[in-house]
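If you're matching them up, the sequences are chains A, B and C in order.
For the record, in the first sequence the residue sitting at position 163 is 163 according to this note's numbering, with numbers rising by one throughout.
For the record, in the second sequence the residue sitting at position 194 is 1194 according to this note's numbering, with numbers rising by one throughout.
For the record, in the third sequence the residue sitting at position 25 is 2025 according to this note's numbering, with numbers rising by one throughout.
Note that these hints are calculated values from the structure, not bench results.
Treat the numbers as computed from the prediction; the structure is a model and nothing was measured.
Note that CB positions come from ideal geometry on N, CA and C, so glycine has one too.
Some clues are possibly wrong.
[Claimed, not checked] Chain C side only, calculated, beta carbon under 10 Å to chain B, not exhaustive:
| hint | residue |
| --- | --- |
| 1 | Leu2005 |
| 2 | Pro2006 |
| 3 | Tyr2008 |
| 4 | Arg2010 |
| 5 | Val2036 |
| 6 | Met2047 |
| 7 | Leu2087 |
| 8 | Ile2122 |
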Amino acid sequence: MKTGREVGIAGYGVYIPAPRIDARTIAAAWGRSPDTRLPVREKSVPAADEDTVTMAIEAARGALRRSRAGPSAVRAVWVGTESKPYAVKPSSTIVAEAIGATPWVSAADLEFACKAGSEAMQTACAFVGSGMAEYALAIGMDAAQSKPGDHLEFTAAAGGAAYLFGPAADALALVEGSRSFVTDTPDFFRRQHMHYPEHGHRFTGEPSYFRHTLEASRGLLEALGRVPSDYRWAVFHQPNPKFMRKVAAELGFGEAQIAPGAVVDRIGNTYSGASLLGLAAFLDAARAGDRIFFCSYGSGAGSDAFSLVATARLEAARDAAPSVADYLERRQPIPDYGAYLRMTRAIRML
Amino acid sequence: MRDVSIIGVGQIPVAEHWDRSIRDLAVEAIAAARQDAGIDRVDVLFVGNMLSGELAGQENLATLVADAAGLLPIEALKIEAACASGGAALRAAHLAVGSGAHDYALVVGVEKMTDYLTDGVTAALALAADADYEAAHGITFAALNALLMRRYMYEHQARHEDFAPFSVNAHANAALNPHAMYRQPITVDDFERSPWVADPINILDSAGICDGAAALLIGPTSETRRARRPPVRIAASATATDTLGLAERKDPLVWDVDLFEPHDAFTIVSVLTLEACGLADRGRALKLAAEGRIGLEGDIPICTFGGLKGRGHPVGASGVYQLVETVLQLRGEAGPAQVRGATIGMAQSVGGSGSVAVTHILQV
Amino acid sequence: MTVELPRYHRLRGAYYRLEGSACPACPGRYFPPRAVCPACRTAGLRMFAFCGRGTLYSFSRVLQPPRGFASMAPYAVGMVRLEEGPLISCQLADTDGVDLSIGMPVEMVTRKLRDAEEHGYIVYGYKFRPRLGRAR
């Protein structure tokens, strides 16, 4: 749960692509009645020249800008995603090369549905905490996939964040501890030959998202001897606006503690990036001493919980890179569903 | 170096020659030039061509053409300098004859472009740009010229329609040229309504994709009394280079050339060339055109047979077409396109986005 | 496989990190990288990474893309005056609905440069986009 030496977030950067599709445009394309209740108003979509790698590179550059580390001091680049551009070939090497961290660096792509990013965070913590590295970069980024016409299409969005972990002296926020809760629960999957994932509908709720998120969260709170009121903010994986609020309430966190991190309300579910983006929104606003609770969820299934506390260095470092709000405000509406299909390469030309 | 003259010219209509291969095009133009000269002897062949490898699947082109034209076993070389290949081929021939190494040199500019679809030809033409830092970024030739044109319009407060006279003039002169491809006159209104290729360049700013071949026979001026047609002296010949990449130019809007005759692949190129050659002050070429001074009756007639825009621009052949047309003007054989009293003519062949220019001054 | 793997691999410094050259003998800074300084003809220039900020010098939008760029078209291209001096030709990213103007501040991002569907290999490289967020 705790590292050998104290570790913190030494830098963070985020990315959200500019294009947005209105949920009503998707609903209209599939003949849903105009008064259907839609989970989000709009979602982010990668531009034609963007993918998980390009988005990860921008987030990684933001993380480095906010840190005191030079790129060659980064000993690991781990990219957590379920939308690797290549089935075989690491995304992490491209990111490492682009930020100038090569060649004396560890690099790998991690996959655990939507918790691949927090998996990378935990691994980076351990890498720095053990003394094997001064700095390790963990990225959670997705250009989320969903079958056209599926309910997930309303929320499957694009974006994520990068966290550079380093020694406590460099920390913008200290890691107080982390715990994971994992079982084999097949609520969502995609095999290699399939273009889009399949999911278990209501099975993704109670036995999957809720059970794992609650267990991991309670496990960490208990281990640290903390209660929700010890935290200024809390962020959970946010596949839709409902789930995170329900889980927060059940744990005893109030709406005021989670609202600023509810990025899903604005851009949809960024899968591996979702909880990481929410955390970044809090770091954009936190003051020294503010405690932040974090818990991801990945189908398959499992959750990684973290307890963090902001340091005095955070406020000075913040403006070195664009904030979550900067990216949320940068919107380019997609005119129609046809343009959306073209951008997401859903139209097969051959 | 001894004095050199052009003693024979030949050209075939610029068109979409669906039934002719690159060798057919070259052979026809060569036959026309030799017929015109009335001299049988050929010691060396220079083939000006840019894209035979890419668009006709043929390299070792000069040997192929020498064979097809019945010229074996003479020395034959392809000369490639992007869209300036035609001019560069005459430059090479001029050096060969001027030096005394050869007496009679045949120059043929030939390009076969219509076997490929537009996206393939667009990609092929971009081979003249910097492969790694322009072409690989999807920056087409039209786009490079559009970047120049936008900046020119910004610096000189020009509007798009100010460029119309160049295209209107080219089409008007092409209408008088039986070898031209675009012989329909156009109006300023047509020019303004034409669709964008890469804004602010539209279709009527741009020379079209086509096939063509033109040829010249040159020899020592001292021997020209044997020629059937009046000889035209090559009074000057020069080539200069600049950075391949447009962005690396010291000032992209100044082209380092010393002479006049536009390579009007785009209207902006005519403008920059006129200014670079000193025929117009910087920022004043549009005014020159607006005053009608570039027409056949003007004091600086340009594109007298339609130029690249009106005649058509079979890239590697265009430089030779320009020279054939200049020779016809100086001989007084330009028909309705004749510029009265012409005794000195200049032809400038430009390759890349102004990265190589070959200029010839011809004189009678 | 006709996309040239060694070629794009060779270009990674320039494409990913905007690495050009600096002349040890004069203030010359160059992009793309050069071996010989065009200003003072000194050989042996050293690597110099540009900061990636600049202003728009000129721009256009490509409506007739060459082979290999159909998936991106129409796309904007530009010339950017880098803060360190040189001009660079590039694609412009995220320009939908943006009123491009000469002189506007732009910054380097890494994006996909061309279609990848045909051969599978993805070519990533620099593009420039309107500068984002607060002044940095």
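Results for each hint:
1. The interface hint given for Leu2005/C is broken, as the beta carbon of that residue sits about 14 Å from the closest beta carbon of chain B, more than 10 Å.
2. For Pro2006/C, the interface hint is violated, the least distance from its beta-carbon to any beta-carbon of chain B being 12 Å, above 10 Å.
3. The restraint placing Tyr2008/C at the interface with chain B holds, with a minimum CB-CB distance near 8 Å, inside the 10 Å limit.
4. The criterion of a C-beta within 10 Å of any C-beta in chain B is met by Arg2010/C, whose closest approach is roughly 9 Å, and the hint holds.
5. For Val2036/C, the interface hint is violated, since its Cβ never comes within 10 Å of a Cβ in chain B; the closest pair sits about 12 Å apart.
6. Because the beta carbon of Met2047/C sits about 16 Å from the nearest beta carbon in chain B, more than 10 Å, this interface hint is broken.
7. Taken as an interface hint, Leu2087/C checks out: its beta carbon lies about 4 Å from the nearest beta carbon of chain B, inside 10 Å.
8. For the restraint placing Ile2122/C at the interface with chain B, the shortest Cβ-Cβ distance is roughly 13 Å, beyond the 10 Å limit, so the hint is violated.
Figure legend: structure checked against the earlier numbered hints; hints not met, in rising order: 1, 2, 5, 6, 8.
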